[in-house]
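Visitor: For reference, the chains in residue letters:
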Amino acid sequence: MLFRRSISVYILSLVIGLFMSVSMSMPAQAQLEVDITRGHTNPTPIAIPDFLNAHPETAQISKDMAKVIRDDLERSGLFAVLDPASYIEKQTDINYQPKFADWRLIKAKALVSGRIVRESENRLRVEFRLWDIYGGEQLDGLRFATTPDNWRRIAHKVSDSIYKRLTGESGYFDSRIVYISESGNKVNRKKRLAIMDQDGANPQFLLGGADLVLTPRFSPSTQTVTYLSWETGRSQVYLLDIETGRREILGNFPNLTMAPRFSPNGTKLIFSMSKGGNSDIYVMDLKSRSTQRLTTDPSIDTSPSFSPDGRKIVFNSDRGGSPQLYTMNANGSNVKRLSFGDGRYTTPVWSPRGDLIAFTKSLNGQFHIGVMGAADGKGERILDSSYMNEGPTWAPNGRVILFSREGRGANGRSSIWSIDLNGQNLLKVPTSGAASDPAWSPLLP
Amino acid sequence: MKTRYILLGSIALTLSACASTPEVEEVVETEPVQQELPPPVVEPAPEPVVQAPPVVQEVYTGPPPGTAEHFKYVSGDDRVYFGYDRYDLSSQARDVLRKQSEWLNQYGQAIVVVGGNCDERGTREYNLALGARRADAVKAFLVSQGVNPSRITTVSYGKERPIAGESNEAAWALNRNAHSSVMVGGNTRS
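So the sequence lines, in the order shown, correspond to chains Y and V. In terms of the numbering used here, the first sequence is residues 1 to 445. In terms of the numbering used here, the second sequence is residues 1 to 190.
Quick caveat, the hints were computed from the structure, so don't treat them as lab data. Hints may contain errors.
Some chain V residues near chain Y, calculated using beta-carbon distances under 7 Å [claimed, not checked]:
no.: 1; residue: 125
no.: 2; residue: 133
no.: 3; residue: 149
no.: 4; residue: 152
no.: 5; residue: 156
no.: 6; residue: 165
no.: 7; residue: 166
We put the beta carbon where it would ideally sit given N, CA and C, even for glycine.
Bound conformation, chain V alone (with noise of 0.2 Å):
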C-alpha cells in the first residue's frame, strides 16, 4: 500500500507542472487507484557478501508440555540446593520452587517424590534424617504455593546419591540438595 500512494504523489506533481493555471491543483484520491506497477526489471542477483542473519522465529524448541524434562525445563532446575547442615531454603531456592510449583499447579495430573540430599562430610544415619528435613522444607514450600499435599512424597538419601564425586567445596554444594522428581502419567522416575 504505501508504494502505491507515492506512486499516486508522482503523478499528481507531474500534472500540477504541465497545468498554464498559476494555481495549484492538487488532486487528492479519496479512493486508491489499482495500477498495475511495471514489470521489475531483472538483473542477475549480486553475489551475496554476507549471509543474512536468520529469521528469529517465536518457536517453541523445549521439551514437551507436561513432561519431567519440561517441568526442570520451566523452573530452571529440578534440584534446590542448601548451606553446610542447613535446611532452610535460600531466595533462590525458593524462586525455582515457585516455578516448580506453577508448573505442578497447571499439571494437576504429575505427582512428586522430593529426595533430600547431602554431601560426604556427615555420617551417615545423621545425614538421612538431615536429607529428610531438607525434602520437607521443599515439600512445605511447594505445599505454601498450592500444591496439594497429597501429590508430594518425600525420601531421604542422606549422602549416598551425590551428583558430584568429587571431594571439594564446589561438589559438596552441589550435593547438599533436593530433587524433585516428578511424575507424569504413570512414567517412572528415572
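Next comes chain Y alone, as it looks inside the complex (with noise of 0.2 Å):
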C-alpha cells in the first residue's frame, strides 16, 4: 500500500514583509476585487509568468509551480489567464515593482510574480507578489519554506492565497478528494479507496483492493477518512488513518452500518444501522464509544449529514412514502420535512456555510444534482442533470461542489465532475481511470 509522504511537512507561510511601499497612489481606481458569484460571466484576465529561479535543480519546479497556479485559477472559472507568450515585460526581480503600462496593454487586470530560491538541497523559499494592474498597487506578498518534493502544495496555496484576496472568500485548492476508484463493466466491477489532490494530481491507493468498499468521507483534521467495505462479508463502517494506514471497524455491530460521516468537529460519526430490515440514524461519540439512537421510525432514514455548527441534522427518509429530505436536532427532536418537489430526494449534504443542502434528485428518468435552502427547503437550484448523478460533496469553502457521474449501459463508466454554486463550469476531475463517490477534505492545514 501506498501512502502519502507525510504531508506534515513543514510549510512556513509567512506574512512577511513583502509589501512595499508603491508610491503611486491612485484614489480614484477601486481595488481590483473578484466577485464570486458572477465572476464567471466576465472572467478576471491574469497573468501568472514562471516563477523566476537561479537553480538548475529548480528550474522545473519554477515552470510546473506556475503552471499549476494557472490551472487552479483557471478551472475556477472565475479568471481567463493570459497566454505567456503574449507578455511583454520579462521581470528579472521581484522584488521591482512590475511595468504596469506593459501589463495593461495585454489587457491583465492581475499579475502574479514568483520565484523560487533554492536554499539547500532540502529546503526551498517560494515567494510571490500578486499585483493589481489598473490599481498599480502590490495586494499580497507571501513567503513560504518548504522540501522540494512539496511543491505542488506550496503552489496550490499560492492559489489559495490569490482568490482569496481577490474574492474575499478562502479558497479550495490546498485540498484533497478521496474516491473510490473503479475497474470492469458494471456487472464486475472493482472498487478500491483512492485519494488524489483537488485537481486529480497525485492518485494513491489507500486500500488494496479486495473488498467491495464506497462512499468514503474525511474527518475535518484531514487524517481520517470513514468508509464502507464489506471486508467481513457485510456493509460495515471502518475508520481509516491515511498517515499510519491504521483502520478498525466502528464499533463492530452484529447489523449493518452505512452512510458514515463525521461530526464538524471530528469527535462524531454519524451513520445509520439497519436492524430487522429498518434503517435508523445513529451518531457515536469517538471518544468513549458511546452510541444514541436519533430515529426511530419504521422507514428508511440514512445519509444523515451535520449543519456546520454541529445543533442540526439533515437525513434522507421514505417516511412519507417516497425518499424525501428532512432536518431534526442533533440531539434526534423536531423532524421537520425540508424536501416538498416533485421527484425523489436523496443523499442531502449541509453546506460548510450553512445555509444549503446540496442533493441528488430522480425525477422524469434523471438524476440531478442542486441545493436547497437549508432552513425552510424553498429556492431549489438544479445544478447538473444527467442518466446517473448523485453524491454531491462540498468544496471547503461552500462554493463548488463535486459529485459522481455514471454512464448508460453494462460499459457505462463512473467520473466525477465539479460544477459551482451557480450551476456555471461544469468540469471532469481529471482521474486515471473511472471514479466515484467523491469526498472533499477540509483546507489542508
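Two independent chains are provided; combine them into the complex using the hints.
Guide: This is the structure:
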C-alpha cells in the first residue's frame, strides 16, 4: 500500500515584509475585486509568468508551479489566464514594481510574479507578489519555505492566497479528494479506496482493493477517513488513518451499518444502522464510543449530515411514502420535512457555509444535483442533470460541488465532476481511471 | 404367462373338433402346464426404418443433493424479485421461498446468506437501506416457514452487485432481487 509522504512537512507561511511601499497613489481607482457569484460571466484576466529561478535543480519546478497556479485559477472559472507568450515585460526581480503599462497593454488586470530560491538540497523558499495592474499596487506578498517534493502544495497555497485576496473568500486549492477508483464493467466492477489532490494530481490507493468499499468521507482533521467496506462479508463502517494506514471497524455492530459521516468538529460519527431491515440514524461519540439512536421511525432513515455548527442534522427518509429530505436537532428531536418538490430526494449534504443543502434528486428518468435552502427547503436550484448523477460533496469554501456521474449500459463508466454553486463551470476532474464517490477534504493545514 | 394361456386355449379347440360326441367338453386346466415353446424362427432383422425412441428412465440427473446447486435446482431460483422501490414479496416470490425453506428444513446443517440487491435507478446509500429491507423480507418469510433465524444472515449490496449490466427495464427488474446463498458443510460462498 502506498501512503502519501507525510504532508505535515513544514510549510512556513510567513506573511512577512514583502509588502512594498508603492508610492503611486490612484485614489479614483477601486481596488481589484473578483465577484465570486457573478465572476464567471466576465472572468478576470490574470497574468502568471513562470517563477523566477536561479538554480538548475529547481528550473523545472519554477515552470511547473506557475502551471499549477494557472490551472487552479482557470478551473475556478473566475479567472482568464493570459497566454504567457503574450507577456511583454520579462521580470528579472520580483522585488521591483512591474511595468504596469506593459501589462495593461495585454489587458491583464492582475499579475502574479514569483520566484524560487533553493536554500539547500532540502529546502526551497517560494515567494510571490500579487499585483493590481490598474490600481498600480501590490495586493499580496507571501513567502513559503518547504521541501522540494512539496512544491505542488505550495503552488496550491499560492492559488488559495490569490483567490482569497481577490474574492474575499477562502479558497479550496490546497485540499484533497478521497474517492473510489473503479475498474471493470457494471456486473464485474472492482472498487478501491483512493485519494488525490483536488486537481487530480498525486492519485494513490489507500486500500488493497480485495473488498467492496463505498462512500468515503474525510474527518475535519484531514488525517482520518471513514468509509464502508464489505471486508467481513457485510457492510460495516471503518475508520482509516491515512498517515499510518491503521484501520478499525467502528463499533463492530452485529447489524449492517451504512452512510457514515463525521461531525463538524470530528468528535462524533453519524451513520445509519439497519436492524431487522429497518435503518435508523445513530451517532457515536468517538472518544467514549457511546452510541445514541436518533430516529425510531419504521421507514428508511439514512444519509445523515450535520450542519456546520453541529446543532442540526439533515437526513433522508421515506417515512412520507417516497424518499425526501428531513432535518432534526442533533439529539433527534424536532423532525421537519425539508423537500416538497416533485421527485425523489436523497443524499443531502449540509454546506460548510450553513445556508444550503446539496442533494441528489431523481425525476423523469434523470438524476439531478441541486441545492436548496437549509432553513426551509426553498430556493431549489438544479445544477446538473444526467442519466446518473449522485453524491454531492462541498468544496471547503462552499462555492463548488463535486459529484459522481455514471454512464448508461454495461460499460457505463463512473467519473467525477465539479460544478460551481451558480450552476456554471461544469468540469470533469481528471482521474487516471473511472472514479466515483468523491469527498472533499477541508483545506489542508 | 399371457402367451402360455393363449397357447392352452388353442390346444383345447383342436381337441373338441376331433370329438364325436356333440357335447362340447371344456378342458379347463386349473394348473398351468409348462410347455416348451418351439424354437423361434430366426429371420434377419429388418433394417431399422425409424430409430426407436429412447426408453424414459426415472433417474435423477440434477445436482448432488444437499449442495448449493441443488438448493437452486429444487427451489426454481436462488433469487426472488421485487418491484421498483418495493420490498414486499410477490406470490411468485413466496412460491420460490417456500421451496427454499423446504430445502433448508431438509438440510438442517446448511446456513444461508440473504443478499438484498437494487437496480441502478437509486442513489447508493438509499439503495443500501432498501437492499437491507429486501433481504430482511426474505429472512422473515423463511423464518415463517420454520427455518431457524440463527441460520439466516442478511446483507445488503445496494446497487453494487447487478446481475444484468444493461440500462433498461428488463435488466433493472432482474437486478431488484434478494439472493439466497447457501453454505453447506464449510463450503465457501461463490
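Visitor: Once the shortest beta carbon distance from residue 149 of chain V to chain Y is found, is it less than 7 Å?
Guide: It is violated, given that the least Cβ distance between residue 149 of chain V and chain Y is near 10 Å, above 7 Å.
Visitor: Taking the least C-beta to C-beta distance, is residue 133 of chain V closer than 7 Å to chain Y?
Guide: With Cβ-Cβ at 5 Å, under 7 Å, it holds.
Visitor: Could you check if residue 152 of chain V really has its C-beta closer than 7 Å to a C-beta on chain Y?
Guide: 12 Å, violated
Visitor: Any CB of chain Y closer than 7 Å to the CB of residue 125 of chain V?
Guide: Holds: closest Cβ of chain Y sits about 5 Å from residue 125 of chain V, inside 7 Å.
Visitor: Have a go at the residue 165 of chain V hint: is there a Cβ in chain Y nearer than 7 Å to its own Cβ?
Guide: Status holds, d = 3 Å.
Visitor: Next item in the hint list is residue 156 of chain V. Is there a CB on chain Y closer than 7 Å to its CB?
Guide: 6 Å, holds
Visitor: Taking 7 Å as the limit, does the beta-carbon of residue 166 of chain V come near enough to a beta-carbon in chain Y?
Guide: At about 6 Å, which falls below the 7 Å cut-off, the nearest Cβ of chain Y leaves the hint on residue 166 of chain V intact, so it holds.
Violation of the numbered hints given earlier is confined to hints 3, 4; the remaining hints are satisfied by the structure.
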